[in-house]
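K.L.:
Hey, can you work out the whole structure from these sequences and the hints?
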Amino acid sequence: MVFRRIGNGPPLLLLHGGHGSWLHWVRNVDALSARHTLWLADMPGYGDSGVPEGAQTLENIVGVLGRAVDQLLGESTALDIAGFSFGGLCAATLAAARPQVRRVALLGPGGHGLPRRERLGMLNWKDLPPGPERDARLHHNLAALMLHEPAHIDAMALALHRSACVNTRWRSKGLSRRALLPDALEILSQRQVPVLLAWGEHDVTAVPTQAGPALLAGASQMELVIVPNAGHWLQYEAADATDRLLLDWFAPA
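First residue of the sequence shown: 236, per the working numbering; consecutive thereafter.
Hints in this document: simulated from the structure, not taken from any laboratory. All C-beta atoms in this analysis are idealised placements derived from N, C-alpha and C, irrespective of residue type, glycine included. Misleading hints may appear alongside valid ones.
[Claimed, not checked] For each label pair, taking beta carbons as the anchor points, the in silico distance ranges come out as:
1) Gly366 / Ala486: 44 to 54 Å
2) Glu458 / Val286: 30 to 40 Å
3) Glu368 / Asp389: 18 to 28 Å
4) Arg412 / Leu363: 38 to 48 Å
5) Glu368 / Glu310: 40 to 50 Å
6) Glu384 / Arg412: 19 to 29 Å
7) Glu288 / Ser398: 19 to 29 Å
8) Leu459 / Gln425: 13 to 23 Å
9) Leu363 / Gln335: 42 to 52 Å
P.N.:
Here it is, written out as structure tokens:
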């Protein structure tokens, strides 16, 4: 596994989404690293990290991730974890298995098993060579899934999405569509680990006003925030609002 370490302060592990890399957090690094030592992972099978042996299961990817974090930080080191999309499911699962976790933030998490609200179908780009036509399909997919406002699909968003897609070798879709998150949230609730659930107002991977209350029902130490004017990739589309949200959530006790 490959990690980037940036900043100074209490450790904060950041996990990207499916078809992603550590650069899913590129617009948040400056603000968050002013108060935290950020550990930005390329999860197994993504970005610059290798593909783990064995089946593509949640247990496998989280097991590799957990062992890597223990090697880097030590098993007894308390840390905070934030995860986006599929990385949110991984973050919750890792936190449920690791005793030394202080707080967790899940942004547009996958694995909730509740209704989605896709507006546009995704286009296949893999059968095309690099060039304008492939970029047009990737641009379409950013609009269909990741970003709500067309103006926010800028050159950097397209470049990051292109690079992440090309370097994705782990298929998260089957895991993200299953109801795997509630079990991890139940464990975290029983352990009284504070969990933030955050969605962009226009996230197409869930209906936030339904998914949030359903996941929080009966849970303790959990909060729901819906970020206005943002789609699924809320930490990119509403970077300043997300920075404020996370800095407040992960502030020292």
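K.L.:
Now look at each hint and say whether the structure bears it out.
P.N.:
So, going through the hints one by one against the coordinates:
no.: 1; hint: Gly366 / Ala486: 44 to 54 Å; result: 46 Å, holds
no.: 2; hint: Glu458 / Val286: 30 to 40 Å; result: 35 Å, holds
no.: 3; hint: Glu368 / Asp389: 18 to 28 Å; result: 20 Å, holds
no.: 4; hint: Arg412 / Leu363: 38 to 48 Å; result: 26 Å, violated
no.: 5; hint: Glu368 / Glu310: 40 to 50 Å; result: 49 Å, holds
no.: 6; hint: Glu384 / Arg412: 19 to 29 Å; result: 26 Å, holds
no.: 7; hint: Glu288 / Ser398: 19 to 29 Å; result: 25 Å, holds
no.: 8; hint: Leu459 / Gln425: 13 to 23 Å; result: 19 Å, holds
no.: 9; hint: Leu363 / Gln335: 42 to 52 Å; result: 46 Å, holds
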